[in-house]
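Asker: Sequence:
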Amino acid sequence: MRKQKKLVFCILLLAIVMLISGCMKMHYDVVWNEDNSGTLVITYGMEKTAMEETGQSEDDIRSQMKDNFEGNRDVKIRDYSDEDYVGITATLEIDDLTKSDNEFLDTLKFRYSEEGKIKSYKVTGDFSDDSMEDMGMPMDSLDFKLSIVMPGNIKSHNATEQKGNKLIWDLADGNSKIEAVSEVSAGGGFINILMWVLFALGILLLAAAILLIIVKAQRK
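Numbers 1 to 220, taken from the numbering used here, label the letters of the sequence shown in order.
Hints were generated in silico from the structure; no laboratory data involved. Take the hints with a grain of salt, since some may be wrong.
[Claimed, not checked] Below 27 Å or equal to it, Euclidean Cα-Cα: the simulated DSS-like pairs (lysine-lysine) are:
hint, residue 1, residue 2
1, Lys76, Lys109
2, Lys109, Lys145
3, Lys177, Lys166
4, Lys48, Lys76
5, Lys166, Lys122
6, Lys145, Lys117
Throw the hints in and build the complete structure from the sequences for me.
Answerer: Put into structure tokens, the structure is as follows:
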């Protein structure tokens with residue numbers, strides 16, 4: 001069997017998972033820039049009611065989560081909490097997603113190609129064999145999501161939800177295959193700006209013509 005590091009398994013708190021059946025939040029948010037650099041924000045949270053059952057404090061939970069990033073000097077970690085969860089967020093800046101060997105992105109493949117004036121960006125991934133149930137945690141007890149902000153115009157995707165250039169996959173809902181394609185047309189930005197400039201000039205000329213007509217009418 002092909003050995004593959006998983007996006008999630010190196011992060012789960014196994015001891016805690018064995019003790020409780022509460023819900024955990026695991027969100028991976030990727031921003032893919034046009035120059036192939038990117039940002040990865042990882043959010044881990046434990047349901048507050050489940051935390052109380054373990055008898056551990058928020059600091060205890062966060063400390064165990066932070067241990068997963070020990071030795072990684074490039075990561076910036078902040079405490080995280082919302083109405084239901086307590087945990088951490090970890091932010092990593094990545095020079096080139098297409099060449100990155102970051103262990104937290106091993107399940108995803110980022111590909112870039114350029115043909116003429118068209119830059120193409122494609123991301124794929126497969127979470128079908130990432131079974132949380134093998135670890136004693138049913139998938140329906142997880143808030144497990146992946147989001148990717150794609151560069152350019154999105155041409156195709158199989159995400160659960162799209163918000164502009166942001167694609168969101170609900171991985172706990174059986175949406176295990178990841179695929180999205182976007183394109184950037186070289187010079188497209190200049191053309192769009194030129195169109196807006198011409199449109200604005202047209203409005204100004206129309207306003208000037210109307211004003212001139214009004215002035216001439218008043219002089220008669």
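Asker: Decide, hint by hint, whether the structure agrees.
Answerer: Results of checking the hints against the structure:
1. Lys76 - Lys109: Measuring from Cα to Cα gives roughly 23 Å; hence the hint holds.
2. Lys109 - Lys145: holds (17 Å)
3. Lys177 - Lys166: holds (17 Å)
4. Lys48 - Lys76: holds (23 Å)
5. Lys166 - Lys122: holds (14 Å)
6. Lys145 - Lys117: violated (34 Å)
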